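Taking the hints into account, I'd like the entire structure generated from these sequences.
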Amino acid sequence: MDLLLNKEFMQEFLSPIWLSIKIATISGVIVILLGTLIGHVFARKTFKGKAVLETILMLPMVLPPTVVGFFLIVIFGKNSIVGQVIEWLFKQPIIFTWWAAVIAAIVVAFPLMYQSSKSGFQAINTDIEDAARIDGASEWRIFLFISIPLASKALISGSILSFARALGEFGATLMFAGNIPGETQTIPTAIYIAIDSGNMKMAWMWVISMVIISFFMLLVVRIKNENSK
Amino acid sequence: MVELKLQHIYKTYNKDIQAVNNFNLDIKDKEFIVLVGPSGCGKSTLLRLLAGLEDLSQGQIIMDGQYMNDVSPKDRDVAFVFQNYALYPHMNVYQNMAFGLKSRKFPKDEIDRRIKNAAQILNIEEHLDRKPKALSGGQCQRVALGRAIVRDAKLFLMDEPLSNLDTKLRTQMRSEIIKLHQRLQTTTIYVTHDQTEAMTMATRLVVMNNGKIQQVGVPKEVYDKPENVFVGGFIGLPAMNFFSGTLLHDKILFDHLTMEIPIIKMMSLRKQGYVNKEIILGIRPEDLHDASIFPNNTACSTIDVKIELIESLGAENLIHSQIACQPLIARLNTQTAVKEGQVIKLAVDMDKIHFFDYISKNRIHLDVF
Numbered sequence: 001m002d003l004l005l006n007k008e009f010m011q012e013f014l015s016p017i018w019l020s021i022k023i024a025t026i027s028g029v030i031v032i033l034l035g036t037l038i039g040h041v042f043a044r045k046t047f048k049g050k051a052v053l054e055t056i057l058m059l060p061m062v063l064p065p066t067v068v069g070f071f072l073i074v075i076f077g078k079n080s081i082v083g084q085v086i087e088w089l090f091k092q093p094i095i096f097t098w099w100a101a102v103i104a105a106i107v108v109a110f111p112l113m114y115q116s117s118k119s120g121f122q123a124i125n126t127d128i129e130d131a132a133r134i135d136g137a138s139e140w141r142i143f144l145f146i147s148i149p150l151a152s153k154a155l156i157s158g159s160i161l162s163f164a165r166a167l168g169e170f171g172a173t174l175m176f177a178g179n180i181p182g183e184t185q186t187i188p189t190a191i192y193i194a195i196d197s198g199n200m201k202m203a204w205m206w207v208i209s210m211v212i213i214s215f216f217m218l219l220v221v222r223i224k225n226e227n228s229k
Numbered sequence: 001m002v003e004l005k006l007q008h009i010y011k012t013y014n015k016d017i018q019a020v021n022n023f024n025l026d027i028k029d030k031e032f033i034v035l036v037g038p039s040g041c042g043k044s045t046l047l048r049l050l051a052g053l054e055d056l057s058q059g060q061i062i063m064d065g066q067y068m069n070d071v072s073p074k075d076r077d078v079a080f081v082f083q084n085y086a087l088y089p090h091m092n093v094y095q096n097m098a099f100g101l102k103s104r105k106f107p108k109d110e111i112d113r114r115i116k117n118a119a120q121i122l123n124i125e126e127h128l129d130r131k132p133k134a135l136s137g138g139q140c141q142r143v144a145l146g147r148a149i150v151r152d153a154k155l156f157l158m159d160e161p162l163s164n165l166d167t168k169l170r171t172q173m174r175s176e177i178i179k180l181h182q183r184l185q186t187t188t189i190y191v192t193h194d195q196t197e198a199m200t201m202a203t204r205l206v207v208m209n210n211g212k213i214q215q216v217g218v219p220k221e222v223y224d225k226p227e228n229v230f231v232g233g234f235i236g237l238p239a240m241n242f243f244s245g246t247l248l249h250d251k252i253l254f255d256h257l258t259m260e261i262p263i264i265k266m267m268s269l270r271k272q273g274y275v276n277k278e279i280i281l282g283i284r285p286e287d288l289h290d291a292s293i294f295p296n297n298t299a300c301s302t303i304d305v306k307i308e309l310i311e312s313l314g315a316e317n318l319i320h321s322q323i324a325c326q327p328l329i330a331r332l333n334t335q336t337a338v339k340e341g342q343v344i345k346l347a348v349d350m351d352k353i354h355f356f357d358y359i360s361k362n363r364i365h366l367d368v369f
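Chains as they are written, first to last, in UniProt numbering: chain A, 1 to 229; chain B, 1 to 369.
Take the hints with a grain of salt, since some may be wrong.
No farther apart than 20 Å at their CA atoms in a straight line, the calculated lysine to any residue pairs in the SDA-like style are these [said to hold, decoys possible]:
hint : chain 1 : residue 1 : chain 2 : residue 2
1    : B       : K271      : B       : R363
2    : A       : K153      : B       : P89
3    : B       : K133      : A       : A123
4    : B       : K74       : A       : D127
5    : B       : K74       : A       : F143
6    : B       : K74       : A       : S138
7    : B       : K131      : A       : D127
8    : A       : K50       : B       : N14
None of these hints come from the bench; they were simulated from the model. Since the structure is predicted, the reported quantities are computational estimates derived from the model, not experimental observations.
Put into structure tokens, the structure is as follows:
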């Protein structure tokens with residue numbers, strides 16, 4: 001109880017939680033938008049090289065986080081063109097900032113959202129979209145008022161799963177964003193350091209927080225799926 | 001008001017699959033055109049081409065003098081009724097019908113007026129706030145029709161709209177669609193593989209096979225004078241009987257069996273050079289009669305056949321048999337007592353027989369003197 005009243009301790013405890021939620025929310029929103037749009041395009045269109053492109057997008061799901069982290073450092077590092085452009089634009093490199101953690105979270109969470117959204121859109125009877133087309137609706141109106149509502153269950157579960165994945169991201173984040181307390185330290189990296197330094201009390205608190213957040217998110221997905229049966 | 005010209009329409013998939021092959025048709029205002037043909041004959045593809053859901057490989061669609069090929073579906077002013085209804089499942093009946101009008105930015109009160117009017121015509125006023133899931137198949141199809149009616153589109157396209165319904169409902173909806181057309185007078189193109197629908201609904205019938213038009217005409221004309229063996233076999237249930245044989249001087253020879261041909265028909269066949277050639281004879285099952293009760297004054301030829309199977313339909317019997325190893329079905333009145341295995345003398349109504357060229361399979365038109 002004393003510990004909870006200790007301001008410094010609370011700040012140390014809450015800082016990675018807030019940062020994790022901030023990173024997961026920003027990356028989650030980006031992943032949901034991108035995953036929905038790209039999932040829709042891939043569900044409807046066929047083009048040359050689709051299979052290869054799709055495999056590349058899905059790769060982060062199976063690659064070891066260290067490999068993802070390695071590529072992020074190579075792509076966004078100081079020596080790359082992308083890295084130099086970012087440095088020129090923002091006057092500082094992206095690596096070891098919380099934005100790096102956002103990028104890492106986007107890359108690993110995207111495949112989950114993409115997969116759910118694509119299968120959600122594929123399950124829609126295309127006659128319904130054609131009916132809307134003939135009914136005079138623009139492609140954008142069809143997407144917003146027909147396709148998204150009809151794929152909503154898949155989109156919601158994809159969103160929650162990818163948010164959870166972003167929240168739990170560890171390996172690539174550690175490599176690409178580092179573990180700077182108060183700046184880039186998220187719950188998973190904080191737990192790792194806490195155990196490493198023998199701070200079991202803090203580790204327990206973060207672990208419990210993580211379990212509670214994850215439990216409720218998965219519960220929502222399950223309830224959603226049960227209701228849709 | 002709409003007049004439609006479909007000129008040299010081709011649709012090719014994957015470079016070599018021809019779904020529609022040189023389709024030409026002029027459709028007048030208020031017509032109810034039925035496209036009929038077996039599965040995969042290109043009739044649904046043609047409808048999708050007209051709606052703009054697919055692009056033509058060649059040819060042109062002209063609606064009221066306007067070239068339509070490049071016009072997107074939303075700007076074509078056509079309404080489409082799908083086989084599986086394709087209702088918007090997340091919207092209630094009212095919203096389903098309102099969607100197209102909202103997309104076209106109609107004022108609210110006009111939308112409301114049109115929906116109420118359509119709901120009244122289709123007798124679905126009580127279901128306006130229900131979602132499609134809570135409706136029966138017939139009600140869903142009414143909503144799909146309603147969606148087309150409220151739009152007041154120039155052209156209605158219907159893709160096998162009744163084939164998911166049970167027989168009783170199908171018969172009922174069939175007559176409702178006919179009445180609807182009589183009331184609204186909207187030019188309609190209706191696709192079906194069901195020949196009862198084709199015969200009863202069409203003002204003009206278009207029979208298709210392998211992407212090509214086989215015959216265009218009013219249903220009775222298509223039934224009475226099929227242009228080729230395919231049309232003869234496709235329209236009519238049970239199908240027309242076909243026998244190939246050699247035409248001699250005054251009769252036709254099938255294997256060991258001969259059948260006399262009336263002199264007038266024979267003269268025309270002779271004139272067209274069919275003597276001593278293979279020829280296909282077509283006889284509809286209802287043009288075969290029990291010889292013992294068939295009136296003598298009608299031109300007829302008789303054949304003895306052995307009954308292999310009897311299908312009793314209540315009011316009539318379908319007699320399955322063979323002539324010279326070629327299957328034959330006769331539709332006989334139940335007055336004629338029949339037994340499987342029995343040999344029966346059938347009279348062929350020679351006024352109603354059809355002749356087809358053995359090679360081209362096309363109808364041989366006989367001059368009437």
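Hints versus structure:
no. : hint               : in the structure
1   : K271/B with R363/B : holds, 15 Å
2   : K153/A with P89/B  : holds, 14 Å
3   : K133/B with A123/A : holds, 17 Å
4   : K74/B with D127/A  : holds, 14 Å
5   : K74/B with F143/A  : holds, 14 Å
6   : K74/B with S138/A  : holds, 7 Å
7   : K131/B with D127/A : holds, 18 Å
8   : K50/A with N14/B   : holds, 18 Å
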